[in-house]
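J.: Sequence order for the protein chains is A and B.
With numbering that gives the first Met the number 0, letter number 72 in the first sequence gets 71, and the count goes up by one each step, no holes.
With numbering that gives the first Met the number 0, letter number 55 in the second sequence gets 54, and the count goes up by one each step, no holes.
If you are wondering where the hints come from, they were derived from the structure by calculation, not from laboratory data.
Don't be surprised by glycine CBs; every beta carbon is placed ideally from N, CA and C.
Warning: the hint list may mix true and false statements.
[Stated by the list, open to error] Taking lysine-lysine pairs in the BS3-like style, the calculated list, with each CA pair at most 30 Å apart, reads:
#	chain 1	residue 1	chain 2	residue 2
1	B	Lys55	A	Lys266
2	A	Lys265	B	Lys14
3	B	Lys65	A	Lys7
4	B	Lys89	A	Lys7
5	B	Lys55	B	Lys38
6	A	Lys265	B	Lys16
7	A	Lys247	A	Lys172
8	B	Lys55	A	Lys246
9	A	Lys247	B	Lys29
10	A	Lys247	A	Lys266
11	A	Lys318	B	Lys89
12	B	Lys29	A	Lys143
13	A	Lys266	B	Lys89
14	A	Lys7	B	Lys29
15	A	Lys7	A	Lys52
16	A	Lys52	B	Lys62
17	A	Lys266	B	Lys16
[As the list claims (entries may be wrong)] Now the stretches of chain B that chain A is said to cover, found in silico as 3 or more residues with beta-carbon under 8 Å:
#	stretch
18	30-41
19	59-73
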Amino acid sequence: MTNFNQQKILETIEMVKIHHLDIRTTTLSLSLRDCCTTDTKKTATKIYDKILKYASNLVSFANEIENEYSIPIVNKRIALTPISLIGESCDNVDYIYLAQAIDKAGAEVGVDFIGGFSALVDKGFTKGDLKFFEQIPEALAQTKKLCSSVNLGTSKAGINMDAVLKTADVIKKTAQLTSNEDSIGAAKFVCFCNAVSDNPFMAGAFCGVNEAECALNIGVSGPGVVSSAISQLDKNADFGEVANCIKKMAFKITSAGELIGRRLAKKLNIPFGVIDLSLAPTPLRGDSVAEIFKAMGLEQAGAHGTTMALAMLNDAVKKGGIMASSYVGGLSGAFIPVSEDAGMIEAANLGSLTIDKLEAMTSVCSVGLDMIAIPGDTPNSTIAGIIADEMAIGMINKKTTAVRIIPVIGKNVGQSAEFGGLLGSAPIMKVNSYSSENFVNRGGRVPAPLHSLNN
Amino acid sequence: MNNSDNQIIITVSGKDKVGIVASVSNCLAKYKVNIEDIKQTIMQDNFVMMMLCDIKKLEVSFKDFKDAMLNLGSELGMEIWVQKKDIFDKMHTI
Numbered sequence: 000m001t002n003f004n005q006q007k008i009l010e011t012i013e014m015v016k017i018h019h020l021d022i023r024t025t026t027l028s029l030s031l032r033d034c035c036t037t038d039t040k041k042t043a044t045k046i047y048d049k050i051l052k053y054a055s056n057l058v059s060f061a062n063e064i065e066n067e068y069s070i071p072i073v074n075k076r077i078a079l080t081p082i083s084l085i086g087e088s089c090d091n092v093d094y095i096y097l098a099q100a101i102d103k104a105g106a107e108v109g110v111d112f113i114g115g116f117s118a119l120v121d122k123g124f125t126k127g128d129l130k131f132f133e134q135i136p137e138a139l140a141q142t143k144k145l146c147s148s149v150n151l152g153t154s155k156a157g158i159n160m161d162a163v164l165k166t167a168d169v170i171k172k173t174a175q176l177t178s179n180e181d182s183i184g185a186a187k188f189v190c191f192c193n194a195v196s197d198n199p200f201m202a203g204a205f206c207g208v209n210e211a212e213c214a215l216n217i218g219v220s221g222p223g224v225v226s227s228a229i230s231q232l233d234k235n236a237d238f239g240e241v242a243n244c245i246k247k248m249a250f251k252i253t254s255a256g257e258l259i260g261r262r263l264a265k266k267l268n269i270p271f272g273v274i275d276l277s278l279a280p281t282p283l284r285g286d287s288v289a290e291i292f293k294a295m296g297l298e299q300a301g302a303h304g305t306t307m308a309l310a311m312l313n314d315a316v317k318k319g320g321i322m323a324s325s326y327v328g329g330l331s332g333a334f335i336p337v338s339e340d341a342g343m344i345e346a347a348n349l350g351s352l353t354i355d356k357l358e359a360m361t362s363v364c365s366v367g368l369d370m371i372a373i374p375g376d377t378p379n380s381t382i383a384g385i386i387a388d389e390m391a392i393g394m395i396n397k398k399t400t401a402v403r404i405i406p407v408i409g410k411n412v413g414q415s416a417e418f419g420g421l422l423g424s425a426p427i428m429k430v431n432s433y434s435s436e437n438f439v440n441r442g443g444r445v446p447a448p449l450h451s452l453n454n
Numbered sequence: 000m001n002n003s004d005n006q007i008i009i010t011v012s013g014k015d016k017v018g019i020v021a022s023v024s025n026c027l028a029k030y031k032v033n034i035e036d037i038k039q040t041i042m043q044d045n046f047v048m049m050m051l052c053d054i055k056k057l058e059v060s061f062k063d064f065k066d067a068m069l070n071l072g073s074e075l076g077m078e079i080w081v082q083k084k085d086i087f088d089k090m091h092t093i
């Protein structure tokens with residue numbers, strides 16, 4: 000086949016150059032199940048050595064392939080088996096020591112983030128889990144690249160409300176320990192309902208216990224490509240046409256991810272895992288999910304109709320992407336982080352986008368409340384209430400939901416937090432001032448929901 | 000590398016002037032890159048040329064060759080993209 004189509008080539012170049020098409024992340028999923036010992040230092044050494052053995056070439060090979068196709072691979076990451084599981088066989092385990100060893104390994108191989116400082120406690124805690132929760136804030140404060148996540152609920156097991164309360168404490172304490180950097184530590188921590196084991200996105204990437212020894216998972220991105228395509232449609236194009244347009248673009252974006260992911264996996268000589276059919280924004284102008292809502296006809300993100308716009312976008316992205324890849328997984332859908340999306344920041348600053356509207360949107364988006372800055376003096380019980388609401392949406396709707404929220408110590412509504420890089424900046428959003436304290440302090444476990452009579 | 004791995008697309012765009020094709024072809028010949036097809040057009044007053052090339056006989060790394068082409072682009076005041084061809088086949092074909 001020697002023919003080539005000029006239009007397709009120009010379209011591709013335009014997608015990269017003007018609309019920020021990129022591969023958001025290539026994430027090496029790495030099992031640490033063979034790293035358990037009874038001694039923290041020995042475990043740390045085994046983990047460090049294993050990361051170096053598998054990930055030494057990840058960054059250089061990714062850069063090489065990026066160069067061959069001229070499509071940026073923005074982040075290179077590693078996702079590990081939840082460390083609470085690996086550490087708890089140690090006598091007097093020191094999770095902070097493990098965190099530092101992991102962070103050092105991440106710096107050594109040059110990845111952007113390393114995830115898996117995680118625990119799965121949706122049905123209850125082990126002794127190791129309890130110790131792990133206590134040490135998360137310090138571990139995040141003392142490391143640079145480490146990301147942490149906890150799973151607090153599932154549609155099968157219900158919600159562990161004791162863990163929700165502890166998580167609110169973890170978030171607040173992490174924010175306090177990193178208060179000199181606008182509480183950025185809390186941006187590297189996320190809690191889930193129905194966490195997935197092959198997610199390539201941070202802060203929640205970990206290598207599930209059911210995953211293979213290693214695999215390469217890919218997260219693609221290109222909200223700018225989608226908003227530009229919708230803008231070019233006739234203003235009166237109906238929703239069927241809009242959905243079709245999104246599907247076509249999602250197919251192209253995902254195909255690029257599939258090709259590049261497979262090439263990189265082959266070069267690294269590890270199996271290709273999954274592609275996450277995602278639309279992930281960055282703070283750059285034009286690389287925004289909120290811009291897609293505007294292209295669809297809403298004056299601002301948050302206007303009435305936004306939830307439907309997001310529902311359709313999310314569904315069409317999956318429909319278009321699924322044709323382009325043989326293995327799809329992860330969180331798959333449109334992300335709606337506030338601080339990482341210029342359009343969302345604008346809408347929040349204008350008062351169009353509130354935390355309540357965002358909560359509604361999370362019932363139809365890919366994940367949940369993401370990168371939302373709230374006043375630093377928000378009570379822990381209110382944070383627990385926000386988490387509980389989000390977990391409930393996930394549990395009942397059998398979807399992944401998450402909360403990544405940053406109580407910015409020393410700041411209040413009207414101010415904003417600066418995180419820098421991909422994490423962007425976030426206006427401090429107002430939370431409901433009435434108390435949730437007596438409610439969340441009941442503790443215990445929310446029973447698993449009924450999976451029939453779906454009304 | 001199989002056949003399609005060796006195929007690249009070079010896209011040159013910018014203000015039309017004398018010697019663009021000659022300079023680009025000359026550089027390709029220097030690196031033993033074979034031109035298999037050329038299409039060119041004028042779009043919105045811009046000269047746009049696309050070349051389908053084969054890098055089977057390339058003696059330096061892809062990166063070194065690409066850097067040389069990008070440098071040539073800067074010298075000519077033209078934008079030059081060098082990409083493996085399979086990305087276009089994959090993205091735009093079901």
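J.: So, for every hint listed, does it hold in this structure?
T.: Going through the hints against the structure:
no.: 1; hint: B:Lys55 - A:Lys266; verdict: 19 Å, holds
no.: 2; hint: A:Lys265 - B:Lys14; verdict: 40 Å, violated
no.: 3; hint: B:Lys65 - A:Lys7; verdict: 21 Å, holds
no.: 4; hint: B:Lys89 - A:Lys7; verdict: 11 Å, holds
no.: 5; hint: B:Lys55 - B:Lys38; verdict: 21 Å, holds
no.: 6; hint: A:Lys265 - B:Lys16; verdict: 42 Å, violated
no.: 7; hint: A:Lys247 - A:Lys172; verdict: 45 Å, violated
no.: 8; hint: B:Lys55 - A:Lys246; verdict: 36 Å, violated
no.: 9; hint: A:Lys247 - B:Lys29; verdict: 40 Å, violated
no.: 10; hint: A:Lys247 - A:Lys266; verdict: 29 Å, holds
no.: 11; hint: A:Lys318 - B:Lys89; verdict: 17 Å, holds
no.: 12; hint: B:Lys29 - A:Lys143; verdict: 46 Å, violated
no.: 13; hint: A:Lys266 - B:Lys89; verdict: 19 Å, holds
no.: 14; hint: A:Lys7 - B:Lys29; verdict: 28 Å, holds
no.: 15; hint: A:Lys7 - A:Lys52; verdict: 40 Å, violated
no.: 16; hint: A:Lys52 - B:Lys62; verdict: 25 Å, holds
no.: 17; hint: A:Lys266 - B:Lys16; verdict: 41 Å, violated
no.: 18; hint: 30-41; verdict: holds (count 4)
no.: 19; hint: 59-73; verdict: holds (count 3)
In this structure, the earlier hints numbered 2, 6, 7, 8, 9, 12, 15 and 17 are contradicted, and the remaining ones agree with it.
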